[in-house]
Amino acid sequence: MFKRILNTVMAIVLVTTLGLTGCSNSKPSESKSENTNKPVVISLEGGDWGYPTPFSHYSRGPGVFKMNLIFDSLLERGEKGYIPWLADKWDISKDGLIYTFTLKENVKWQDGKPMTAEDIKFSFEYFAKHPPVSNDLMVDNKSFIQSVEAVDAKTVRFKVEQPLAILLGKIGNTRIIPKHIWEKVEDPQKFNTPEAVIGTGPYVLKDYNKEQGAYKFEAFKDFWGPKQKVDTLQFVPVSDSVLAFDKGEIDLTGSITTDILSKYQNDKEYKVMQNPAFWGYRLIFNMDTRTELKDKEIRQAFAYAIDKNELVEKVARKAAVPGNAGYLPVGHIWYNSNAKNYEFNIEKAKQLLKGNKLSFKLLTGNSNDELRIAELLKISLAKAGIEISITSADTKTRDAAIKKGNYEIVLNGHGGWGGDADLLRTAFVKEKTSNQSPSADGIPGYSNDQLNELCKQQLYEMDPAKRKDLVFKIQELIAEEIPQIPLYNTTGYIVFKPAKFDGWKYMFDHHEVTHNKLSYLDVKQ
Amino acid sequence: MTFFVIITLNFFIPRLMPGDPFIFLSSSEGQITTTYSEEQIAKYKAYYGLDKPMVVQYTSYITNLLKGNIGYSIYYNNSVINIIGKRMLWTVSIVLAAILVSCLIGTVLGSLSAWYRDGVFDKVLYSFIIAISEIPAFIIGIVFLFILAAKLGLFPLSGGMKTFANYSCFADHITDILHHAFLPVLTLSIARLGEFYLLSRNSMVSVLTKDYMRTARAKGLRNRRIIFRHALKNAMLPIVTRIFLSLGSVFGGAILVENVFNYPGVGHLMREAVMVRDYVLIQGIFLFVAVTVLTMNLLADIIYRRLDPRVS
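Residue numbers (numbering that gives the first Met the number 0), protein chains in the order written: chain A, 0 to 524; chain B, 0 to 311.
Please note that the accuracy of each hint is not assured.
Claimed, not checked - Here are the simulated BS3-like cross-link-like pairs (lysine-lysine), alpha carbons at most 25 Å apart as the crow flies: (1) A:K402 x B:K232; (2) B:K209 x B:K232; (3) A:K295 x A:K209; (4) A:K178 x A:K189; (5) A:K209 x B:K161; (6) A:K189 x B:K209; (7) B:K42 x A:K120; (8) A:K402 x A:K295; (9) B:K51 x A:K403.
As the list claims (entries may be wrong) - If you want the footprint, here are the derived chain B segments under chain A, 3+ residues with CB under 8 Å: (10) 23-31; (11) 272-286.
Quick caveat, the hints were computed from the structure, so don't treat them as lab data. Note that the Cβ used here is the ideal one computed from N, Cα and C, for glycine as well.
If we strip away everything but chain B, and leave its shape as in the complex, we get (with noise of 0.2 Å):
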């Protein structure tokens, strides 16, 4: 049902917006755009079937979807899902290292803050974090971009990998593309490590004031085995749904951290997408935006039932 009403919108949204896949204008600053004659705007509607009514038109999106194809793009002049199969890896890889990093960093750094909480430590720890999450994503990409890739060279300017690249080994194509990704992996990391950061640590502060805590204390246990077994392992069930559910936003945030660095991903294309009134294509990446946040959704489900037995 959800998912109907999503595509459902999907389906609208973009129509309802103003403007048109075929004309054309204007142009940024310097650049050039061909104008179609009515003639040909006319053709390429009947080619594409937005000629004619909404109904129609939607029933037919509707019956392509349940066979499985979702359509071909007006401006791309391309299978929408070859198109999004191709950049989805791209966008899928630095979204999952983005998340995994940030939560590694935040949920042990929430760790320590919690056990030596309103410490020094804690204090300074706690501003740094929340200071710098608040700054948006594309500005500390801008900030990498200057420093580390431009000014020091230590990385690429742009693109996922190497272009026109021969790699004598299969390891070189790795390092390549890891290089590449590193700085908006990291980009994005920082950008969600607040959210991590604050979660694990107001959730390991919770399971610290309980009984066993201080059982385990009493037994002498040390330290670093108190936190990361008995402590964390409690704390961790907000953690890992919140895991699954900020797979969407990061996704936002992953638009604009590709467009800064021109990362071959969704969230460049989504943006070319819109700007083009491409429907077909911001219905495929919308729906597949939906689907992942979806299964996601439903993975937490099924992983937290079982990490928690109280779950049933």
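Just chain A, with the same shape it has in the complex (with noise of 0.2 Å):
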């Protein structure tokens, strides 16, 4: 018995390799494009994030922004702010209801149909419906859009409920879909044919392999905008991103520690570019279930008893900037400088405990990052006087806490640092919710008059420099309350070889230059 299934094994290597040198001349096809013409091939880290449709790509990652290279939005978001993108030029009523856009012209969908201003009419009706997997089209879970008209075949007029300083981009930043395929279908979330990866974009997706995750894109020949500057733009799988960039793998890397950033700083064939720091971690308090740090006093103790050089130094390694007490973190576009800082103070902090012996219960995730924190604030902590006990949990059970409010005080780590400062509101100010950003709760029993009605006036304030006033203001008022405290937001470091291909840009609020579609793009800004 055992000989006959060693012979097997031996009759399957044998087989293996006949055909191994049956064909060895011809190898696949994949190294044939070297050869012709050059034409830009750039390789991404990989991973499946689901099928870049506006329903179907997985709400974690950057599914988002590979279903963006094929569907266009009216406005784009470009290095210093919103760009005209399918539409021209925009017009928005003096009451500030009604918003015009006038569309660019000879746009085509990547079937060869012509894009107008019934899809994008449509395309809004559909989402109302239809919620998309990243849904722009609300604000405090209100659907803010009253009518939408194409007015001709290049013009459309968006009716609003409200007049709010915030709806330019979230009307700009929708995708547009086009109304012969989608009007058919019933199920969003079960569409996935190819028909439904048909935009009007720059890129059309070849291939996607789930199991695998990757994912292959073509520039769309008949694309109406900016030339690409890449041919063809692959995600592929990869278990180390260092590595696979070192073996050529792929042509760009976040994944760079500071250990091994002098290897490539010191190398001319490599530029290292450090990113915008709209990443970071905050704590939150719960003044719900601890009701002692409604005391002021008491959370000023904490912000000057925490040593958040101490935190980038050595869990973030100085890939990071310490948190702003007004919350928008250095690097934002309306950052105000002038919001008190607390700099780290033992002394102050026990001055302002009064003597007073307190102690909690802190809940935090389980990476080694958010443990490390963990372990410094508790040892710096200790030294004013708070006593810190620490429960760590996996991500999820950590979201469903802070959902629930059933912690004393939190670690949290997110992204959309850099959005619209509208986010101030919506991570401050209670009974509202929108999903601006994440962890956009408000602070359990926390509120504060003057802040919120701050937050309100800077929602309706339309003219942008009086709305940059009130935004400082608020994180001026928000850095002395503290009503949690940022602790540090990360600034990776990307490394690429600038001979290969030196497009990368970033989004003005958004950290991640391979998720900008116009890194790809010939855009002059």
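Using the hints, put the two chains back together into the complex; each one sits in its own frame.
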């Protein structure tokens, strides 16, 4: 019996070896592309983030940006702010209730049909019925669009419920889908045929492999807009990003730690860029479960007793900036550098606590960094007389606890810190929720009339300059009140070879160049 | 009955975990998430039937299961059978290959070790195999990844096959898949080697002391014939049983190894599914694993009966 098994195995091995030698002359056609006319092929770290339609990409991770390569929006996020995209011009009525967009001409869908104002109207109405995964069409859980009207083939007019300062970006960021395809679709979540990925965008989806986590995009020949600098963009499976980059399997890596940074910085072949600080950790106080936290002085004592620079140095290995007590991080377009800054000062913390000894439970996730932060916080807070006991849970458990208010103090990390300044309202003012920033649920048990009023004013202030003043005031007030403590915002490094491709750009509110559609296009801003 | 208990546990355990498939409030470092609005969450819950009471959900799960419908994944937006089906082949192949390899090598080494019991060969081999089988599979995997794949470039770093390759002939395709599968299989095999080695060694040691072995030697048969024909045949029983029984734990090992090599199998999927609390998919995967393990146990019974006439 044993011999028989052995024989079978030997036979299999033999056959495969024979097969190997049988056609060793013909290699997979992949390497051919290097010889012919040198189209630019960029490979990036893959992973399965869902089929790139507005309904079936995953809510976690960069699936939404892959979808954005195919689907355009009325406006696009440039380096300084929104730029004209499918819409050439726009106009907002004096009362802030009517938005009129004039569309670009000769825009074609990837199946060759022309795009018209009807498609825009259809997209917004369809999304109202079937919200896409990433839905911009809500403010505080309510749809803000009253009606959409296709005035003529290239003019669209939106009527909105209320004059809010944040609506242009929300309307402008909404994806446009082709009416002639989607009008027949009843259940968009299950619609994943090749037709589902037809947009007006610069890239066409050529290949998607869910199991391998691979995507292949090719430049759309009849794209209306700026010329594509990258002909083929592919996302390939990677086990270790840095290894794959060194071996040339991918053309950019964002997983460079401080320890290996110098290897790339000292080599002219590479270019290193530091990301804007739009991803960060914050400490949220639950004043419902621990009412003593309603006392501003106790919260300030926390702020003084936390050594943010130490966290940046020891946990983030200097690839971060200390959190701003005014919440908006350095690098945000409306960052106010005059907001109160809490220098690490144990003595001051002790004074504010007036000799009281306090103890709290701190809930964290279970990543290494979170646990390190928690341990360091525990040590430094103990010096001021605040005792911390740490509970760590997996992310989903922690998220559920936050949602239910089932914690005393929680450490949470998320992105989106570069978004519209209205995130201050959603992060600090209760009973208002929106999907602008993750963890946007206000602070349990905290309410400040002045802050509520200012936040409401900035939302209705249509004059950007006046709104900016209000946002600056809000940051100063928040810094003084300190209802939650931003710990640090990460500024990871990316490395690439400029000789191969040097087009990487950031969006004004986002920290990843590979997510930016404009990185791959020849755009002058 | 066992099966019914399993599917009931499969249904309730994921749902009893804290967390919710639609609440995304945080992200891993540098990553982004979309946070759903309340209205969206309500809509999705209704869409997937998660707004109904647990009992109603459970009954509809059982009815659907009887109809052969194992559901539609919440996170992956695809039918569970589709998702698992496409990945199952990858996992099953590396698991079977690893069992085969570790069983063959383990048995041969174990038999030799038993034959030369207490000699230098046995002692060295014994300590060596005990040592390497104590190393967790994913560490072996990482070491291979760094040395054989990254430093020496002998093997691909990740995945189950070349992405976007057009193969000129079928053999190329097979070679590519084998090339990608080599390290995961090797890693898993090494991790399982000790088990088969020890088992066959023990089993052989007891067989070798039997009277009929003395007879075989007295007949003047060659050593190789004695070990592999007379002794091993009798020592095979526990090994065969173990092959089938170890399937469950090899699947467990495969989860970690697949994650190291980014191999497109069920193990990789299972980690994701638990992380995002995709109840329907978790159920599906566990159902698949349960069915496989139960089938294997059944097979083990049948084969055991055929190999050993004493069992009836």
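So which of those numbered hints doesn't the model satisfy? 1, 3 and 6
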